[in-house]
Amino acid sequence: MDFVCNFPAISILMSLFSGIISSGLKQRAARMLNSILLLTVIALNATAFVYTLGTGQSFVYVMGKFPAPWGNEIRAGVLETMMATVFSLIMLLSLLGGEKKLHDEVEEDKIFLYYVLNDLLLSSLLALIYTNDIFTAYVFIEINTIAACGLIMIRQNGRTIEASVRYMIMSLLGSGMILLSICLLYDITGHLLMSNIKEEVISLYAGGNYSVPLTVAISLICVGLAIKSALFPFHSWLPDAYGYSTVSSAAILSSLVSKGYIFLLIKIFYRVIGLDIIRNSKIINVLFVFGLAGMIFGSLSAMKEGDIRRMIAFSSVAQIGYIYMGFGLGTEVGMIASVFHILTHAATKSLLFISAIGLTEVSGGSRHFNEVTGAGFRNVIAGIGFTVGSLSMVGLPAFAGFISKILFAQAALNNVRKMLPVLIVLGISTILNAIYFLKTVLRIYTPVETSYYKPLLIKDQKLYSVVIIMFVIINFILGLLSGSITNWITLGLEMFA
Amino acid sequence: MSNLRFSKKDTKDFDFKEWMDGTNDPYLGNLEMKPQVKRKDDFKTVMKHMKDYEMVENRLYDSEKNMGVRFFNKLYKISSILFTVLLIGVMLYAVSYLPPVGNANNPDNNVVSERYIENGLQETGAVNIVSGMILTYRAFDTFGETNVLFIATCCVMIMLMLGEKAFEEQKEADENRRFEPKDDQILKFAARVLCPVIFVFGIYIILNGHISPGGGFSGGAILGAGMILYVNAFGFGMTGKWFNEHIYKIAKITALCMYGLIGSYFYITGANGINNHIPLGIPGHILSSGIILPINIAVGIEVACTMYAFFALFRRGGM
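Protein chains in written order, with this note's numbering: chain A, 1 to 497; chain B, 1 to 319.
Next comes chain A alone, as it looks inside the complex (with noise of 0.2 Å):
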């Protein structure tokens, strides 16, 4: 076994080590271990990236001396080391592009805290990822799900205590689904590790055996991660979370979070279930139907919102439901344009969230629309930023959600009787989606004659600045070379099989 095969573990396990050596240190000392942690993490999974790419292959890594079934088991392909790579690089900016309004809304001596959150949330967002072992992707949801808990509260007010309970239930009862699925699994099959289960899902299948516990199976693990990544009609929780929250943690929680569970739901339905069986299911349909309405319903809320933030929160429902739709489709076409969003969603979402904060820092520190005309002048960066992200969300060509919906579109011709809905709602969702980015565009970027705000010059925030233009690098960078993604995306998925 090569060296490079040990970097996922070494990751996984330095951002634990990290998590609990901070929990010791003063908030400077701690932020400067989290930055070093993930500069780091990002290196060792580019690595592993290249490594995988040059192979052609994916490796298992044996936790311990133990080969599975018996003991714990990581695996890593291309797919799951970009995911990693591009992940950590964007909790490294949305962390770096927060960090001044993390001062100004937590406690001073509670910040050092943050950083041990958001270490763990690192270490559990990798493990899910990278494992291999149902059981361990339940132990990493757990600590995901209490330190995604800890972002949210950490800024202490009324609404984001509530938000953080709204949370907490609505998050538990995916946990808790999720866990009776794990039961049932092992139950009828009698396995925790991924690849044994699937054997037996495919012969149990064909047999025909444990057909209703299986069906049961299926739909609770599918109804459980899409509670905890806000699917449409489960998105209750999701604009206070995302509103009131510090807004690194709003930019984390909604492009890392979340995608996080996304990435394990596409991890079991092709490693655990088998995408033969999924299709065969009828789960597949629901997603479909709730992904579609969450597109257009995601959409009129933000359309409605008055708050900046909160539009930006309600935005994300729409999203969350174009990748549902993508896994709705059944095929494997589907499934690329889903993780090509998850990509664009994670590197959009994150942006308009760290450039909307620099908007409403011009305007007085409201977040109403009124408040926020002209703040595009007042603060030229974040300006850009969000005039980026808007357009990449709208789906403009050469921005990074052109490219996603365009994949959308074609792997929707793939499916005869789903096409027409596809088509009608992308087009609709995309309409709805122009009306209100486009509208918070024209808004910052009306002219007013007298303001009472002072402008805020790049100079004054370097590393804001900096974060911004990474940001939208990385956005032009999806937008213009996704041929090339597309084709990791690919190799990744086969990989799974």
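No lab work stands behind these hints, which were simulated from the structure alone. Using N, Cα and C, we set each Cβ at its ideal position, and we do this for glycine too. Check each hint, because a few of them may be wrong.
[Claimed, not checked] In silico DMTMM-like pairs for lysine to aspartate or glutamate, Cα to Cα no more than 20 Å straight-line: (1) A/Lys110 x B/Glu168; (2) B/Lys249 x A/Glu108; (3) B/Lys38 x A/Glu371; (4) A/Lys65 x B/Glu118; (5) B/Lys165 x A/Asp109; (6) B/Lys241 x B/Glu168; (7) B/Lys165 x A/Glu107; (8) A/Lys110 x B/Glu169; (9) A/Lys110 x B/Glu245; (10) B/Lys171 x A/Asp109; (11) B/Lys165 x A/Asp104; (12) A/Lys110 x B/Glu164.
[What the hints assert, rightly or not] Cβ-Cβ distance ranges computed for the label pairs, FRET-style: (13) A/Ile469 x B/Val85: 52 to 60 Å; (14) B/Val85 x A/Asp276: 32 to 40 Å; (15) B/Leu287 x A/Asp2: 34 to 42 Å; (16) B/Cys257 x A/Met1: 21 to 29 Å; (17) B/Val37 x A/Ile469: 40 to 48 Å; (18) A/Glu108 x B/Val69: 41 to 49 Å; (19) A/Gly54 x B/Asn272: 17 to 25 Å; (20) B/Val85 x A/Leu172: 18 to 26 Å; (21) A/Cys183 x B/Val85: 16 to 24 Å.
[What the hints assert, rightly or not] Facing chain A, a subset of chain B residues (Cβ under 10 Å, in silico): (22) Val148; (23) Phe150; (24) Cys155; (25) Ile158; (26) Glu164; (27) Ala271.
Dock chain B against chain A, hints included.
Leaving out everything else, chain B in the frame of chain A:
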């Protein structure tokens, strides 16, 4: 030709062309136009608007007067009960199709449990198979589980930990015995008798985790319960002499790091096929079973710290 038609005067086309060019505005002079006046709200109207708004809000959520809200509340309750009953029904239905308990042909009686039971003692050195399984075969899961406890304490700290200034005020209040029990002789006597026994029993369970039922999680919970009894009887002042925030931090970080280091050594050497130098010892002896004993100690310390920290944070917002 369209150009010709545009050039003719007194036609609609010509008017349209002129309007497009901006030379003639048909509305100018025909329509009364006023520049927009900026709205001025005096204090009185603002107050009136606020009052109206408040009244509407009150009416809206007043279930006595608003039939819609009342109907919705009822519907919400009924549908949530129906949904729960439905979910219970589905689960029971699914369970009725599961393999019967204790049947030898069940799917979970496979190679996995066979190796745990038959080779467990030999491979892990632990007489207690459960400890061997969770701390050796599936050690990574258990490390995650220990971190769940750790992160839960962090979240409670975010929620309840007081700042230094508030904590000092709290301490002053402590001297008034507002947040601590009164000087209760019965409790003190009971604690003086029970605490040593509880501590020794907890330590025994932790140290014998690989030989008899028990281990880090259960033993740590007993230790934590003993500490809570002690603090209830003798107060935070006495406990602070041997267990305060500083010691808590050191104990917690040392325990978790110890687990992490042992675990990492075990995972990485195991995965790379390198022989690790952890002796398994003779099964049944106290110093045996490789990594299980130190991990049990680490888990025990962490669990005891977590239990006590929860109590102290809920009690007075600090250690």
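Outcome of the hint check:
| no. | hint | verdict |
| --- | --- | --- |
| 1 | A/Lys110 x B/Glu168 | 17 Å, holds |
| 2 | B/Lys249 x A/Glu108 | 19 Å, holds |
| 3 | B/Lys38 x A/Glu371 | 16 Å, holds |
| 4 | A/Lys65 x B/Glu118 | 17 Å, holds |
| 5 | B/Lys165 x A/Asp109 | 11 Å, holds |
| 6 | B/Lys241 x B/Glu168 | 17 Å, holds |
| 7 | B/Lys165 x A/Glu107 | 13 Å, holds |
| 8 | A/Lys110 x B/Glu169 | 19 Å, holds |
| 9 | A/Lys110 x B/Glu245 | 15 Å, holds |
| 10 | B/Lys171 x A/Asp109 | 18 Å, holds |
| 11 | B/Lys165 x A/Asp104 | 19 Å, holds |
| 12 | A/Lys110 x B/Glu164 | 11 Å, holds |
| 13 | A/Ile469 x B/Val85: 52 to 60 Å | 55 Å, holds |
| 14 | B/Val85 x A/Asp276: 32 to 40 Å | 34 Å, holds |
| 15 | B/Leu287 x A/Asp2: 34 to 42 Å | 37 Å, holds |
| 16 | B/Cys257 x A/Met1: 21 to 29 Å | 27 Å, holds |
| 17 | B/Val37 x A/Ile469: 40 to 48 Å | 43 Å, holds |
| 18 | A/Glu108 x B/Val69: 41 to 49 Å | 43 Å, holds |
| 19 | A/Gly54 x B/Asn272: 17 to 25 Å | 20 Å, holds |
| 20 | B/Val85 x A/Leu172: 18 to 26 Å | 20 Å, holds |
| 21 | A/Cys183 x B/Val85: 16 to 24 Å | 21 Å, holds |
| 22 | Val148 | 5 Å, holds |
| 23 | Phe150 | 7 Å, holds |
| 24 | Cys155 | 4 Å, holds |
| 25 | Ile158 | 5 Å, holds |
| 26 | Glu164 | 7 Å, holds |
| 27 | Ala271 | 5 Å, holds |
In terms of the numbered hints stated before, the structure departs from none.
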